[in-house]
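*Asks:* Assemble chain B onto chain A, guided by the hints.
Those protein sequence lines, which keep their order, are chains A and B. First residue of the first sequence? That's 941 in this note's numbering, and the numbers climb one at a time after it. First residue of the second sequence? That's 54 in this note's numbering, and the numbers climb one at a time after it.
It is possible that part of the hints are untrue.
Stated by the list, open to error - With a cut-off of at most 27 Å between alpha-carbon atoms, the simulated DSS-like pairs for lysine-lysine come out as follows:
no.: 1; chain 1: A; residue 1: K1232; chain 2: A; residue 2: K1243
no.: 2; chain 1: B; residue 1: K301; chain 2: A; residue 2: K1232
no.: 3; chain 1: A; residue 1: K1187; chain 2: A; residue 2: K1216
no.: 4; chain 1: B; residue 1: K345; chain 2: B; residue 2: K178
no.: 5; chain 1: A; residue 1: K1149; chain 2: B; residue 2: K74
no.: 6; chain 1: B; residue 1: K74; chain 2: A; residue 2: K1216
no.: 7; chain 1: A; residue 1: K1149; chain 2: A; residue 2: K1216
no.: 8; chain 1: A; residue 1: K1149; chain 2: A; residue 2: K1243
no.: 9; chain 1: A; residue 1: K1232; chain 2: A; residue 2: K1079
no.: 10; chain 1: A; residue 1: K1079; chain 2: A; residue 2: K1144
no.: 11; chain 1: B; residue 1: K74; chain 2: A; residue 2: K1144
no.: 12; chain 1: B; residue 1: K314; chain 2: B; residue 2: K301
Hints listed in this document are in silico derivations from the structure and should not be mistaken for laboratory results.
Given next are the chains, with one letter for each unit.
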Amino acid sequence: MQEHDMSWVRTEMALAQPAPASVSGPGAWVRRNLIGSVGDTILTILGIVIVAWVLPQIINWAFINAVWTGPDRTVCATVAQGGIQPDGWSGACWAFVNAKFGQFMFGTYPVEERWRPILVAILFTALLVPMLIPRVPRKGLNAILLFLVLPIVSFFLLVGGVFGLPHVETSRWGGLLITLSLSFVGIAVSLPLGTVLALGRRSKMPIVKMLCVVFIEAVRGIPLITVLFFVSVMLPLFLPAGVTFDKYLRALIGVSLFAAAYMAEVVRGGLQAIPKGQYEGADSLGLGYWQKMGLIVLPQALKLVIPGIVNTFIGMFKDTSLVLIISMFDLLGIVKQNFSDANWATAQTAKSGLVFAAFVFWLFCFGMSRYSMYTERRLDTGHKR
Amino acid sequence: MASQEVLREESSRASFINDPKIRSLFFQTLVVIVLFGSVWWIVQNVIDNLQRLHIASGFGFLRGRAGFDISDTPIAYTSDSTYGRAIVVGLINTIIVAVAGIITATIIGFVIGIGRLSQNWLIQKICTVYVEIFRNIPPLLVIFFWYSGVLAVLPAPRDSYHLPFGSFLNQRGFYFPRAVWGEGSWLIFVALLVGIAMAWFVARTARQRQMATGQQFPVFWTSVALIVGLPVLAYVLSGFPLSFDLPKQSTFNLTGGFQVKPEFLSLYLALSCYTAAFIAEIVRAGIRGVSKGQTEAAAALGLRSGSILRLVVVPQAMRIVIPPLTSQYLNLTKNSSLAIAIGYPDLTATAGTVLNQTGQAVEGVLIMMIAYLILSLVTSAVMNVVNARMALVER
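Just chain A, same shape as in the assembly (with noise of 0.2 Å):
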């Protein structure tokens, strides 16, 4: 047996031949990727023609040509508007928003307080981040320290006149300090109250859910900045003659208010997908209406809706900035406030303040939307197909 010639079986196996070339490498990826048919490549050399247009300049207006420091305008304007730029320059003028910072950041809160919002800030960010973070244990404290503690800390802290510290104003805060704020506490009132008017709506106590819907849909129907009016206008008529509102509260009323209507609707949506045997299930066991709602059916409905909870979070955020129009100063508004700074009014102040607001402003929400996508892939326990 053993004496046969084996020579003709293989010993080692025969190495695998690469992809040919036709179907892999980068050849391949651009044949497949960038001109897979005539209509294909039209479109590529179209978007090589808008890309090379618009990039040179986006680059040599955000980076190459632009200022970065300097004390005044001079430094921003061409020679012909004054300055000490050739004619026909253009290029970002950083030295407006270097020069502004501060504003942008705090208002006009005293420069000598600053380090109170900035302690803020550092707490907010002390709570928020092991918040985030799923491993990090202990979630139920940090979410009464920051959403109960943080709040009531922050307040004292930044209106201060208690424990020796000079009460300011809330009409001397602005800029990002107004716009974090704003959406911080609508966040934190929009959630709570949107579930609760999203229970109400599918109450089956007929009373209730009128209210609810009415609510809901009258605050739907109107733009923001209506019922900005409303609260900047018509507050001060509802309450009794001498009992004044901050300005600053009133538009803390109008944003949660818009917001929980539209977070409700987010919130009904989740409820209405909740099949109806984990009610069912939930009442066999005698749990009661709230223990039903908080132990077995919010969980699950809230989960669902997690994308929708985090637009209605960006919208939010994106809307504080519609506070300008009761003439109060959030990023945005003290941005345009500072186009009338005669000290700094050139061509390029105004876009290059705008394009800073909105970095900050992409920065923020973008955030929020990549963390919403990382979260809702972590909570997915395979209840979708």
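*Replies:* Just chain B now, with coordinates in the frame of chain A:
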């Protein structure tokens, strides 16, 4: 039935506090009392405050002289007109910018949304960048960007940009030739209407014939010929009654032509760009929501890729797309109220001015709310009709 009787007896034996009916009655009574109490308190306060400020309530103020000017007046308006007319002007401006914005946003949105699904890597990335930029910045910022960042730094009228078709672009807006309809031009409109009616009729007969015999008819080109050709024919036959009033450049300003003010232009561009990003996402989700099996089955039947898109994918995608598209249209209409920030006289701006001048806060806000509510309801109604036409026809 019997078991229910037993249950009822059971519950009557338990404490009445635990009876859901009694509880619900109690809570609702409580809600009603609290509601009426607070409404009564608010109404009392409002009456007191109004009396203190000497403001008469009611809508009589609408007939008063407005006394302020409006920059964009689609209908005749002077500062001698009434407050009511000022609000109507604002409402018409809102409708104009909303309709123009909706049309443009839909076109850009569909192009970008389809672009994001393209096989072409470059196009896909460009569209993604567009969506991610515009979705994540506030619409008000986009408006300011166009207004103070782009349009305000355009050259003065003296050095306007010359654009094709005799139009100009400068600080004061966009100027293009205005059509002047001469005598006999009504024939052109009649021809247009006749063309549309005939195209509709041809399309109907062609469809019936295709259903009956399977023979196709080039409906598209026939319709184009009818709708474009007939008015052109009428134009020629009636002796070229249409002429154009071209904008002319003088030393300090442009005269003639039709001027689009920078306020309108920046609001319109910003709303279109901003909403288009959201529409793009909706379109993308809609097309991806059509299962791949549909496309493959259509290909197996021998349809070309254009026909697959037109006959199989798009009708199904539209069912997913239309409801969220409607809410984007509503959002755009509501966002048009941002006009107030740059001084475009829309409904919120004019009603706000009226409100400030007369002090009629309650009525002013009420008018605004009702007007926007009606706009929203009309948009929803139109889109519901479209949706009903697109809906799956089930037996």
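*Asks:* Now tell me if each hint is right for this structure.
*Replies:* We went through each hint and held it up to the structure:
{"no.": "1", "hint": "K1232/A x K1243/A", "in the structure": "16 Å, holds"}
{"no.": "2", "hint": "K301/B x K1232/A", "in the structure": "74 Å, violated"}
{"no.": "3", "hint": "K1187/A x K1216/A", "in the structure": "45 Å, violated"}
{"no.": "4", "hint": "K345/B x K178/B", "in the structure": "23 Å, holds"}
{"no.": "5", "hint": "K1149/A x K74/B", "in the structure": "16 Å, holds"}
{"no.": "6", "hint": "K74/B x K1216/A", "in the structure": "21 Å, holds"}
{"no.": "7", "hint": "K1149/A x K1216/A", "in the structure": "19 Å, holds"}
{"no.": "8", "hint": "K1149/A x K1243/A", "in the structure": "24 Å, holds"}
{"no.": "9", "hint": "K1232/A x K1079/A", "in the structure": "22 Å, holds"}
{"no.": "10", "hint": "K1079/A x K1144/A", "in the structure": "34 Å, violated"}
{"no.": "11", "hint": "K74/B x K1144/A", "in the structure": "10 Å, holds"}
{"no.": "12", "hint": "K314/B x K301/B", "in the structure": "17 Å, holds"}
Hint compliance for this structure: hints 2, 3 and 10 are broken, all remaining hints hold.
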